[in-house]
Amino acid sequence: MKKIKKAMALSLAVAMGLSLVACGDKKSDDTTTAAPTTEAENTEATGGDATDAPVATADEGKVLNIYCWNEEFKSRVTAHYPGYEEVDATSGKIGDVDVKWNITPSTDNAYQNNLDQQLLNQESAAADDKIDMFLVEADYALKYVDTDYTMSVADLGITDAELAEQYQYTKDVMTDSNGVLKGLSWQACPGVLIYSRDVAKDMWGTDDPATVQEHVKDWATFYATGAELKAKGYKLTATVNDSYRVYSNNVSSKWVEDGKLNIDPRFKEWAEAEKASYEAGQTTTGGLWGDEWSTGFYPEGKVFAYFGPAWLIDFCMAADDEKSIAHAGGWAATTGPEGFFWGGTWICAATGTDNPTIVADIMRQLTTNVDIMTGIVKDDNDFVNNKSAMEAMAADTSYGDAVLGGQNALGMFCEGVEKIDLSNISSYDQGCNEEFQNVMTDYFQGNYASYDEAIEVFKSNIQEKYPAITVE
Amino acid sequence: MRSQNKNVVRYNRWGYIFLVPFLVVFIIFQLIPLISTFYNSFFKHFFDGIIEIGPNFIGLDNYKSLFKGGEIWKYFKNTMVMWIIGFIPQILLSLLLAAWFSNPSLHLKGKPFFQTVIYLPNLIMASAFAMLFFTLFSDIGPINSMLVDLGIFKEAYKFLGHTGSARGLVGFMNFIMWFGNTTILLLAGMLGIDTSLYEAAEVDGATSNQVFFKITLPILRPILVYVMITSMIGGLQMFDVPQILTNGTGQPTRTTMTLIMFLNKHLYSKNYGMGGALSVFLFFITGILSLIIFRFNTKGDK
Chain Z
1 MKKIKKAMAL SLAVAMGLSL VACGDKKSDD TTTAAPTTEA ENTEATGGDA
51 TDAPVATADE GKVLNIYCWN EEFKSRVTAH YPGYEEVDAT SGKIGDVDVK
101 WNITPSTDNA YQNNLDQQLL NQESAAADDK IDMFLVEADY ALKYVDTDYT
151 MSVADLGITD AELAEQYQYT KDVMTDSNGV LKGLSWQACP GVLIYSRDVA
201 KDMWGTDDPA TVQEHVKDWA TFYATGAELK AKGYKLTATV NDSYRVYSNN
251 VSSKWVEDGK LNIDPRFKEW AEAEKASYEA GQTTTGGLWG DEWSTGFYPE
301 GKVFAYFGPA WLIDFCMAAD DEKSIAHAGG WAATTGPEGF FWGGTWICAA
351 TGTDNPTIVA DIMRQLTTNV DIMTGIVKDD NDFVNNKSAM EAMAADTSYG
401 DAVLGGQNAL GMFCEGVEKI DLSNISSYDQ GCNEEFQNVM TDYFQGNYAS
451 YDEAIEVFKS NIQEKYPAIT VE
Chain G
1001 MRSQNKNVVR YNRWGYIFLV PFLVVFIIFQ LIPLISTFYN SFFKHFFDGI
1051 IEIGPNFIGL DNYKSLFKGG EIWKYFKNTM VMWIIGFIPQ ILLSLLLAAW
1101 FSNPSLHLKG KPFFQTVIYL PNLIMASAFA MLFFTLFSDI GPINSMLVDL
1151 GIFKEAYKFL GHTGSARGLV GFMNFIMWFG NTTILLLAGM LGIDTSLYEA
1201 AEVDGATSNQ VFFKITLPIL RPILVYVMIT SMIGGLQMFD VPQILTNGTG
1251 QPTRTTMTLI MFLNKHLYSK NYGMGGALSV FLFFITGILS LIIFRFNTKG
1301 DK
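As you go down the protein sequences, you meet chains Z and G in turn.
Numbering-wise (the numbering used here), the first sequence opens with residue 1 and increments by one.
Numbering-wise (the numbering used here), the second sequence opens with residue 1001 and increments by one.
Careful, some of the hints might be misleading.
[Unchecked claim] Sample of chain G residues facing chain Z (criterion: CB under 8 Å; computed from the structure):
1. Ile1050
2. Ile1051
3. Ile1053
4. Asp1194
5. Lys1265
[Unchecked claim] Derived DSSO-like pairs (lysine-lysine); straight-line CA-CA distance at most 30 Å:
6. Lys1158(G) - Lys230(Z)
7. Lys201(Z) - Lys171(Z)
8. Lys1044(G) - Lys254(Z)
9. Lys100(Z) - Lys1270(G)
10. Lys1214(G) - Lys1109(G)
11. Lys1077(G) - Lys232(Z)
12. Lys1158(G) - Lys459(Z)
13. Lys1064(G) - Lys459(Z)
14. Lys1111(G) - Lys260(Z)
15. Lys459(Z) - Lys1077(G)
16. Lys254(Z) - Lys1270(G)
17. Lys1064(G) - Lys1077(G)
18. Lys1044(G) - Lys1270(G)
19. Lys230(Z) - Lys260(Z)
20. Lys1064(G) - Lys275(Z)
21. Lys232(Z) - Lys1154(G)
22. Lys260(Z) - Lys232(Z)
23. Lys1074(G) - Lys465(Z)
24. Lys323(Z) - Lys1154(G)
25. Lys1064(G) - Lys1074(G)
26. Lys1077(G) - Lys465(Z)
27. Lys1270(G) - Lys1064(G)
28. Lys302(Z) - Lys1154(G)
29. Lys465(Z) - Lys1068(G)
30. Lys260(Z) - Lys1044(G)
31. Lys302(Z) - Lys1158(G)
32. Lys275(Z) - Lys1074(G)
33. Lys387(Z) - Lys419(Z)
34. Lys465(Z) - Lys1064(G)
35. Lys260(Z) - Lys1270(G)
36. Lys465(Z) - Lys1158(G)
37. Lys1044(G) - Lys459(Z)
38. Lys465(Z) - Lys1270(G)
39. Lys459(Z) - Lys1068(G)
40. Lys217(Z) - Lys302(Z)
Hints were generated in silico from the structure; no laboratory data involved.
In this text, a Cβ means the ideal position worked out from N, Cα and C, and glycines have one as well.
Hey, can you work out the whole structure from these sequences and the hints?
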């Protein structure tokens, strides 16, 4: 009897163990494809009959599905797209077409995972469930652009002539390996150095951008200024990762060349400069968007500078909070050591959309209509993707950004945007950049004996993240 | 005689029918995924961006690359260390509390209240709990500013930048979350012990220590084995707490990276092959460790 009991208990214990392990196993098998009910009526984008009607024609779908990761694009469409009516937080109407916003945060890759799943099911999905339009960022744009899941802009009826005013880099990002343009953006995101006026006055007696630029004109001067700032109790930057993009945008080779992992010398330069800066007490090892990063938005944080584009200044520096520096207009902009860009959102039309006319019209209105784009600059202080409009605004002395104490920084952005070169992006940039920063944070904190040891760890992390890359 | 036998068989049939729902659920949700995990582990199958690569049969290559470099043992060790850091105080405190709660001669007041309170941490979502600790122990968090203000530290201590403190935090959180649960299990076991045994011991003049070690613990052994095995399986599958606490990085230098966090890393590119191989490894490790604990604790129980 005891034996049987024992055997029973054992088998129960093992069964429990097995079942629990089974739970830890991959969960992505659930390809619960919606029954392809209207497969036959699948309306392919008919490029031929490009009508001039601004809003959807009657024979197109009645539901416009838009995939994105935050409210930004939605608020742009709500405020600036003619004929859009908001119904509630996740839906709206354009004429008689229902607009459905599918917003998934990009944290932990959730946005892309969700989008990938939907795109893979795109062909079998019912016409009203198909993705019509989705947004991408530069870091991973090629992942979608270089596939058939995105539609060529020319097929939507938008001509090159209409896009002449757009900045070249915004088109380069969305051009696939065959030279076909696959998406458009209403904004350009050249970055500047954003510094605290109070700190500059305390240090050098003036907050004039030209004078401050002299103290940050190249990297050697920049870090030397860091030592001066430290002596007075200020931090040069909020975190080591602030300067990362400035370096990584100015590389001369890609993360992945011919399928092999390749580490550009600029990354080592960044790691060594920031390690010295951290050890000298000029910065912290916090992550972007973390608590240590955002303390500098308030006077108590004692942070001298951030690197950022227009959207960072107005969207992210806590301008709504009365205690923040931004609220008091205490920031100013200057060119900084090197030009760079950060972020930017591109609109892609998904292959198989049943609303090509409306998709094309949204793209056209938001990214080529000068009146709408000027409106976006005035209302939202965004830097829009239109050369002549931006140059006109830069010359306009009546325009100023409240967060920057009324400074009109558009001239600097206009100058910076011409220098952006995106010939060295790859579809693996996002993961490589994230991993590199993670590993180097450990290196900065002294958890790896040397840079080379940290690089070995970085390589193995990349291998597990991207099995397609050869790592040597 | 014969008709009686027939009746028994007929009754047994109902037993089988009642088993059907369980079997169906088990086969669909556990057996099939389990087998497909084994199956997948022999294939090269992942996504490069949005493009699917494979599946191509590659035999044991996934297992080879899994063990190449020996990282998997490092993560296994991390997992076990963090489990033990949490489990030892947990089992000790639970035994103590359960002994107090079950001892009628102590006349504890408000027993149900305390039993509820110690269970409460388990009701908070692990991720919320980890977020809370992340904020509390961040470099500029309240714990650090308190310690600096009190003069205990000169400058903020990076709790998540040092292996010992980071692992300690994970262990501590698991301990806080699970000791209430363990206490209740042990308490149920202790309340099931025949009180006449205690009375007899008292008549014989046994001290309370003797009663605990000679009567309570031996009788409690099956429950202890159960607690240990479930806790170990839970420990091997530790994921949410360290994942949220370290933002998935397993910092510092991946010394708080658990096996399941490692598995999660492979899912970034939906690497079914490597994920499958790792799951199979975990399956065997769990089975072996459960057997060891079981053997160890039932030894001499003839």
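*Of the numbered hints stated previously, which ones are contradicted by the structure, given in increasing order?*
The structure conflicts with hints 4, 7, 11, 14, 19, 20 and 22, although it agrees with all the remaining ones.
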